[in-house]
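Residue numbers (our numbering), protein chains in the order written: chain A, 1 to 439; chain B, 1 to 460.
Among these hints, one or two may not hold up.
Claimed, not checked - Pairs of lysine-lysine, DSS-like flavour, derived with a Cα cap of 30 Å:
1. A:K202 - B:K443
2. A:K262 - B:K443
3. B:K23 - B:K412
4. A:K330 - B:K443
5. A:K330 - B:K412
6. B:K402 - A:K330
7. A:K210 - A:K234
8. A:K82 - B:K74
9. A:K210 - A:K199
Bear in mind the hints are in silico, worked out from the structure with no lab data behind them.
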Amino acid sequence: MKSIKITALLGFLLLFSGALEAQITDKPEYGKIAIIGATVHTVSNGSIEQGIVTIHNGNIEYVGTDRSKVGSDYKVIEATGKHVYPGFMDSGTSLGLVEINAVPVTVDNREVGNINPNMLAFTAWNPHSAAIPVTRVSGVTHVLTAPQGGLVSGQAAIMDLWGYSPDSMAVDATAGMVLNWPSVRSGGWNRRTPEQMEKQYKETIGALNKLLDNARFYDQMMSEFESNPNGKVKPEKNQHLEAMREMVNGQTPIIISVSSEKDILNAIEWSNHEDHSDLNIVFAGVEEGWRVAEEIAEAGIPCLVSTLYTPTRAYDHVHRPYENPGALMKAGVKVAIMTGEVENVRNLPFNAGYAAAYGMGTEEAVKAVTINPAQIFGVDHLLGSLEAGKQANLFISTGDPFEPLSQIEQVFIAGFQIPMDSRHTQLFEEFLDRDATQN
Amino acid sequence: MKKITYIFIIIGVFSVSAFAQDKGSVFIENATLVTVTDDIIENGDILITNGVITQIGTDLSAPAGVTVIDGTGKFVMPGIIDAHSHLNTVSTNEARNPVTAEVTMEESIDPNEVSIYRALAGGVTSIHLMHGSANVIGGQGETLKLRYGSTQDGMRFDGAKRTIKFALGENPTRVHGQGNGILPRTRMGVEQIIRSHFDEALDYRVKREAYLSAKQKYESDRRGRTAPPVPVAKNLRYDVLNDIIDGEILVHCHSYRADEILMLMRVFNDYGIKNYTFQHANEAFKVAPEIAKNGAYTSVFADWWAYKFEVYYSTAFNATILNENGVTNSINSDSNELIRHLNHEAAKTVRYGQTSEADALKMITINPAMQLGIADKVGSLEVGKQGDIAIWSGHPLSIYSKVEQTYIDGTKYFDLANDPVDMRIDISSDDNYEESFTTGFIKGREADACMSDVFQLIQE
Chain A
1 MKSIKITALL
11 GFLLLFSGAL
21 EAQITDKPEY
31 GKIAIIGATV
41 HTVSNGSIEQ
51 GIVTIHNGNI
61 EYVGTDRSKV
71 GSDYKVIEAT
81 GKHVYPGFMD
91 SGTSLGLVEI
101 NAVPVTVDNR
111 EVGNINPNML
121 AFTAWNPHSA
131 AIPVTRVSGV
141 THVLTAPQGG
151 LVSGQAAIMD
161 LWGYSPDSMA
171 VDATAGMVLN
181 WPSVRSGGWN
191 RRTPEQMEKQ
201 YKETIGALNK
211 LLDNARFYDQ
221 MMSEFESNPN
231 GKVKPEKNQH
241 LEAMREMVNG
251 QTPIIISVSS
261 EKDILNAIEW
271 SNHEDHSDLN
281 IVFAGVEEGW
291 RVAEEIAEAG
301 IPCLVSTLYT
311 PTRAYDHVHR
321 PYENPGALMK
331 AGVKVAIMTG
341 EVENVRNLPF
351 NAGYAAAYGM
361 GTEEAVKAVT
371 INPAQIFGVD
381 HLLGSLEAGK
391 QANLFISTGD
401 PFEPLSQIEQ
411 VFIAGFQIPM
421 DSRHTQLFEE
431 FLDRDATQN
Chain B
1 MKKITYIFII
11 IGVFSVSAFA
21 QDKGSVFIEN
31 ATLVTVTDDI
41 IENGDILITN
51 GVITQIGTDL
61 SAPAGVTVID
71 GTGKFVMPGI
81 IDAHSHLNTV
91 STNEARNPVT
101 AEVTMEESID
111 PNEVSIYRAL
121 AGGVTSIHLM
131 HGSANVIGGQ
141 GETLKLRYGS
151 TQDGMRFDGA
161 KRTIKFALGE
171 NPTRVHGQGN
181 GILPRTRMGV
191 EQIIRSHFDE
201 ALDYRVKREA
211 YLSAKQKYES
221 DRRGRTAPPV
231 PVAKNLRYDV
241 LNDIIDGEIL
251 VHCHSYRADE
261 ILMLMRVFND
271 YGIKNYTFQH
281 ANEAFKVAPE
291 IAKNGAYTSV
301 FADWWAYKFE
311 VYYSTAFNAT
321 ILNENGVTNS
331 INSDSNELIR
341 HLNHEAAKTV
351 RYGQTSEADA
361 LKMITINPAM
371 QLGIADKVGS
381 LEVGKQGDIA
391 IWSGHPLSIY
401 SKVEQTYIDG
411 TKYFDLANDP
421 VDMRIDISSD
431 DNYEESFTTG
441 FIKGREADAC
451 MSDVFQLIQE
């Protein structure tokens with residue numbers, strides 16, 4: 001009797017564990033994979049009809065049409081009639097840092113204080129955020145995830161959307177320093193007088209310049225000590241200034257969050273100053289970029305922009321946000337498209353789709369979510385196009401990935417063939433045909 | 001400066017309201033007609049006469065004097081209907097009581113809000129202008145036609161059913177329980193607020209009717225043998241609640257979690273209330289069979305989730321699951337941004353759940369029309385229905401398609417070929433400045449639009 005009970009219990013447990021297992025994201029496949037027959041959109045080198053892409057050791061091994069490159073030990077994915085694209089990159093998110101924005105204990109993108117250059121998005125990155133699988137099955141394979149708030153928010157990271165630790169997912173753990181440009185806007189609740197704004201602006205810029213000068217001096221001092229420590233007293237370490245060393249020597253971009261016309265012009269003037277010629281400056285947000293596109297182009301500053309927001313001014317045309325990336329591109333600005341989202345980074349292809357439809361064109365809009373952001377952040381040797389030797393971040397779609405009527409069929413990240421499920425697909429499978437008698 | 005502003009307002013209002021109530025005539029030939037309720041008609045013609053669709057077919061000819069539009073390569077579909085909007089409210093929330101059924105959007109309509117024009121540019125012709133979600137039983141809504149620049153009366157959708165907003169879950173419990181320390185602080189309290197007010201309203205009706213009949217008796221008693229009855233004062237709030245119970249007002253209930261959706265259906269079954277719509281309803285998919293069984297409707301976001309806790313366990317497949325389970329579902333915006341591309345929001349149901357294109361289009365036309373009680377008037381291309389249509393440059397579910405023209409009652413309200421940059425009617429000196437969008441390039445959402453103006457009132 002007892003043994004029957006135990007057997008029944010074991011059977012039940014087995015059943016239950018089976019049911020549980022079905023809830024967990026499946027394991028990815030890894031190894032030698034060949035995608036055959038698709039239109040291959042290389043981005044860097046045109047499109048290849050009936051192309052072949054092989055993946056080995058996490059990287060793209062071959063892109064072309066030579067069937068002999070596919071060894072007998074390759075897992076072949078037949079994709080005739082389908083399309084292969086490099087994985088998309090969203091260059092403006094707080095993915096992995098915020099789980100539920102309205103629940104403060106789950107919000108890790110905004111540290112206390114005004115100057116936080118030593119705060120790393122990489123550290124707060126939660127590899128198990130429910131939003132990560134939801135995002136990656138849309139063809140977005142890597143993102144810039146950024147801290148927010150204050151004058152200097154901290155450092156953004158470029159993260160792959162597959163992995164079990166920040167370490168294994170980081171493409172660049174210190175991809176950019178986020179600076180919120182001091183705004184001279186008024187309107188809404190902001191009722192500062194022009195004089196007050198001017199004064200505050202000058203004070204803030206003065207403090208910023210001083211911070212940068214200190215960082216430059218600190219970097220010089222540290223570099224001198226490091227190159228020849230003999231007989232020198234080791235300078236005291238300063239967390240803020242230490243974190244800014246790579247920024248002031250131009251290795252790490254400084255991402256300036258700036259939106260309105262006046263602020264953009266101020267930021268350009270500041271950027272053009274000879275004191276700041278050592279900086280690698282990128283603008284983010286730039287909602288009114290189209291008003292001053294020529295000036296931005298002349299300053300040679302790349303822009304990270306989105307399209308799905310309402311016009312910034314009541315008298316602006318309804319399509320302005322859609323047209324902003326195209327207007328910037330035509331003026332000669334290097335443009336990357338972003339969402340500015342957390343849980344809905346999956347809408348990146350649609351942000352790009354609106355840019356494509358309103359002046360940018362599909363080909364350039366694809367670049368704006370692949371090679372352009374890779375170049376802006378100096379990771380184009382790894383990502384951004386389908387080329388042999390690059391990391392295998394790519395996806396197969398049934399058609400134009402900007403079209404909601406297309407399906408994203410298979411995603412690869414760092415060579416892993418990613419299970420195409422997420423909380424959203426799991427809930428779909430569980431509830432589509434829910435047994436209505438089990439209530 | 002002020003004077004100039006007023007002059008502009010006056011000129012604006014009068015110049016546009018002159019045609020606000022016009023019923024126009026137009027003939028579109030050789031277009032793809034997306035009828036919604038019937039098959040797609042290739043190379044089709046459609047005639048709108050004095051605001052009403054009078055002919056649909058192929059090889060029709062235009063009556064003399066009617067404007068003819070070449071629809072070659074273009075798609076004609078019914079105007080999009082947004083079942084959840086706060087597009088042009090003057091105020092959205094009367095947040096100071098858990099029940100404010102007497103409040104209404106009737107005089108909270110701004111006909112000159114430029115967002116109306118932006119919605120027309122997205123092919124939207126009607127919206128359900130809703131009260132916010134601060135209260136368990138909130139204010140009454142107004143169904144509008146987007147006659148931009150007309151008057152409050154000019155914007156009303158004649159013959160639409162009366163509606164009212166209910167709200168469950170986090171919003172009313174935050175505002176009243178957490179914010180002001182009164183009922184409801186929990187979902188338990190939310191249920192009891194509804195039940196107690198319905199009970200009070202029913203008791204009031206008995207007493208009020210008894211009083212009115214006693215009063216009549218007293219007044220008609222010429223011999224003075226009847227004592228004057230103790231008056232029972234008219235109570236507007238309870239009158240509205242009784243109208244809900246009598247089925248004269250359609251309830252649109254802001255809700256997210258599956259359990260609170262079940263709760264409201266239990267309560268409504270107890271009071272015999274039918275024909276209601278769950279708004280947002282992110283977890284409706286978990287109880288789709290129950291919703292279908294009760295004949296309730298849903299109106300959901302295409303993909304919003306995780307911005308607050310009650311939407312964390314939700315899915316972009318919600319609309320598809322509801323649709324597959326036989327629930328009449330619509331896709332709404334609740335946002336002045338999303339309302340510009342509701343076609344795209346509907347298309348997401350094809351991307352995620354592989355819902356059919358025909359059903360996706362129903363979710364922004366005939367389905368919201370059913371939920372607002374206007375399906376006999378708009379929501380499809382059918383002879384006899386009102387001439388609220390949009391002409392698209394391509395398939396309305398494609399991201400590359402643009403709205404070229406939008407008509408309400410056969411009168412053109414948007415034309416891409418004649419689309420000035422500045423479409424304001426009501427020009428304010430504040431417009432010289434950028435709107436107060438939040439700084440930082442990561443926007444991050446933490447609430448639905450239903451809570452606008454609320455947190456200025458309560459301390460959090």
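Would you pick out the hints that fail for this structure and give their numbers low to high?
5
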